[in-house]
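Chain order of the listed sequences is A and B. Per the numbering used here, residue 1007 is the first one in the first sequence, and the count goes up by one each step. Per the numbering used here, residue 1007 is the first one in the second sequence, and the count goes up by one each step.
Read the hints as simulated data drawn from the structure, not as lab findings. Careful: at least some of the hints might be erroneous.
Which copy is meant is left open, because identical chains are indistinguishable; a pair holds if it fits in one copy or across any two.
Stated by the list, open to error - In silico lysine-lysine, DSS-like type, Cα no more than 27 Å apart, as pairs:
1) 1034 with 1290
2) 1290 with 1081
3) 1290 with 1012
4) 1086 with 1016
Protein chains: 2
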Amino acid sequence: MILDGKVTSKALLQEIAQEVGRLTGPTKPKLVAVLVGENPASEIYVARKMKVADELGILSELHRFPAHTEEAFLKEELEKLNQDTSVNAVLVQLPLPKQIHTERVLQTILPEKDVDGFHPINMGQLLLGIEPPALPCTPAGIMKLLDAYKIDVSGLNACVVGRSNIVGKPIMLMLTQRNATVTLCHSKTRNLEAVLESSDLVVAAIGQAHLISGNTLKRGCIVVDVGINRLPSGQLVGDVDFESAREKAAFITPVPGGVGPMTIAMLMMNTLRLHQVQQGIQVKNWLL
Amino acid sequence: MILDGKVTSKALLQEIAQEVGRLTGPTKPKLVAVLVGENPASEIYVARKMKVADELGILSELHRFPAHTEEAFLKEELEKLNQDTSVNAVLVQLPLPKQIHTERVLQTILPEKDVDGFHPINMGQLLLGIEPPALPCTPAGIMKLLDAYKIDVSGLNACVVGRSNIVGKPIMLMLTQRNATVTLCHSKTRNLEAVLESSDLVVAAIGQAHLISGNTLKRGCIVVDVGINRLPSGQLVGDVDFESAREKAAFITPVPGGVGPMTIAMLMMNTLRLHQVQQGIQVKNWLL
Chain A
1007 MILDGKVTSK
1017 ALLQEIAQEV
1027 GRLTGPTKPK
1037 LVAVLVGENP
1047 ASEIYVARKM
1057 KVADELGILS
1067 ELHRFPAHTE
1077 EAFLKEELEK
1087 LNQDTSVNAV
1097 LVQLPLPKQI
1107 HTERVLQTIL
1117 PEKDVDGFHP
1127 INMGQLLLGI
1137 EPPALPCTPA
1147 GIMKLLDAYK
1157 IDVSGLNACV
1167 VGRSNIVGKP
1177 IMLMLTQRNA
1187 TVTLCHSKTR
1197 NLEAVLESSD
1207 LVVAAIGQAH
1217 LISGNTLKRG
1227 CIVVDVGINR
1237 LPSGQLVGDV
1247 DFESAREKAA
1257 FITPVPGGVG
1267 PMTIAMLMMN
1277 TLRLHQVQQG
1287 IQVKNWLL
Chain B
1007 MILDGKVTSK
1017 ALLQEIAQEV
1027 GRLTGPTKPK
1037 LVAVLVGENP
1047 ASEIYVARKM
1057 KVADELGILS
1067 ELHRFPAHTE
1077 EAFLKEELEK
1087 LNQDTSVNAV
1097 LVQLPLPKQI
1107 HTERVLQTIL
1117 PEKDVDGFHP
1127 INMGQLLLGI
1137 EPPALPCTPA
1147 GIMKLLDAYK
1157 IDVSGLNACV
1167 VGRSNIVGKP
1177 IMLMLTQRNA
1187 TVTLCHSKTR
1197 NLEAVLESSD
1207 LVVAAIGQAH
1217 LISGNTLKRG
1227 CIVVDVGINR
1237 LPSGQLVGDV
1247 DFESAREKAA
1257 FITPVPGGVG
1267 PMTIAMLMMN
1277 TLRLHQVQQG
1287 IQVKNWLL
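Can you build the whole structure from these sequences, using the hints too?
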C-alpha cells in the first residue's frame, strides 16, 4: 500500500487554507524565505514553498542574497526580520555557502519565528518532550503521514538511517516519544542489514540513491523514504529501491510524492501556528 | 574488568581542585543547590555534592525550601540566583514536589548557569552537535569513564535502556555523536532481550533492580549501570545483576562506585567550566 503524500498533503493544505480564510484579524500569516546564492535545487524548493503559500492565502516574501554574502550581514538581515512584527515565520533555505556557519545563522532567528523548528531551544524542547509550536517539517510530515494512514508505531522496532539534525535525530525522538524502539543508523554502522531485517519501520534519510533494497527488509514492514536523488538519467529516486521494496513492504512512500509534499504542508502548518501563537491564540499539540 | 568510577573520578577531582587552586581572579567558582522538601535520597545526594565542592575549594550554598513551596515562589528565587553575579552555577535537586512543574522550573535557570545542562537550549545544542559548556552530568560522566579506559565506541552497537531526559536521551545522542549505532529501549520495547544479545555496549538506566541479567548479554560486551536501587535488605544494587553480568562482560561498572561518583565529578567540572566562561575564559570542548 502506497503512503500517498500528495493526497494526504492536499487534505492538510485544504484545512490550512480554510483556517487562513477564517482569520478575521488585521493580518494574514506571513512567511519570509531567505535564499543565499543560486543553488538550482534550492531555487526549486523555495519557489515551490512560495507558490504553495500563495495558494493558501499565506503572505510570502523571498529575500535573495548573493552567494558571497557574509555571515555578519546575513545575521543583520535576520535581525531585521525578527523585529518586523508583520513577519510571523522565517526560514533560511539550506545549504548555505561555505563561508557561512549554518548553526550560528539558524540560532539568529527568533525561536518564535523559527518555522523550520531548527533553533536549539525548539530542538531541545522536542528532546524534553515539550511540543514547540513549529516542529521540524520533514520528520513532522512523516508523523502526519503515518497518522493519516492510522499507523500506530507504539511497540514497533524502527530503524532510522541517517543522523542529520534536520531529519534523523528529530524523527528518532518523535518515534521514541510515540513508543517505538528506535535504532539510529549512519555511515559508521556495521550491521545495517541485520538492523533492517528486524525492523518493522524503516526511515531512510541518507541521500544515496537505492542504498536500501527489498531483500534487506522485513516482510510486512513500513518504509518511509526521505531521499531525493537524481540519477544520471535525470530520474528522481529515493534512498530505497522502490520496486524491490514494495514487494516486501506493507506500506511504502513513493519518491516523488511521498515525504516531499508532506514537508511543504508542515511548513505551511507551522507558519499558521506561529501566526496564531503571535496573535495570542493557543495552539493544540498534536505530536507529543 | 571493572570500570572504576571511584578511582577515575578521584583523578578528575584532583585536576579540578588544581585548576580551582590556580585561579587568580577575585572570585572562586560558586555553586548553589536548591532543595525543595525533605526527600531522604535527595538530602543525601545534595549533601554529597556540597561536601565534594568544599573539598575542591568550590564555594557552595544550599538553599532549602519547604515541601509546600509554590512554583511561582521557587521561580522568583531562581531569578534572584540568575541575577546574583557571585553565583556561577545553579542546580535544582530533582524530584520536585508534585505541585511544581519540573520542566518549567528548569527553564527558569539561565542557560549559562545551568550546571546540570537540562535547559532546552543546552539540550538542543547537544542534539545539534554543538557542545554546551555544561553537559548533563550522568551521561557526560559515562563518556568520561569510557574515555578513561580508552574504550572507543565508534562502530559499536549500543543499547540504551531507559528514555529519560536526564540520562537515556542525552547518552543516546552522545554515543551517536561518537559513531556508535544506538538503540533506545524503554518500557514499551518488545524485544529487549534480542537487542541486548547483539549489543556491544549496554547502558542501563531504568531504575529497576536487576532488570538485566548476564544471560541476556553478549559475551565481551561493555556494561554501564546507571541504576541505584535499594533492596528490602538495605543493599544498594544497579539495574544489572552484577554477578551474572560480570561473567559475560569485558567491562562493567559496579553499583555503587561506578557511574555515581562520575556524575558528581562532572557536576564539579561543569561548575568550574561555567565559572570560566563567565570570566571570559574559553573552555575546550571534550565530548563532541
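I want to check one pair: residue 1290 and residue 1012. Are their C-alpha atoms no more than 27 Å apart within a copy, between two copies, both, or neither?
within (24 Å within a copy, 48 Å between copies)
Go through the copies and call it for residue 1034 and residue 1290: within, between, both or neither, with a Cα cutoff of 27 Å.
within (20 Å within a copy, 46 Å between copies)
Status of residue 1081 relative to residue 1290 across identical chains (alpha carbons, at most 27 Å)
Between copies only: 26 Å across chains, 32 Å inside a chain, cut-off 27 Å.
When no copy is specified for residue 1086 and residue 1016, does a C-alpha distance of 27 Å or less occur within a copy, between copies, both, or neither?
This pair counts as neither: shortest intra-copy Cα distance 33 Å, inter-copy 51 Å.
Violated hint: 4 only; the structure is consistent with all others.
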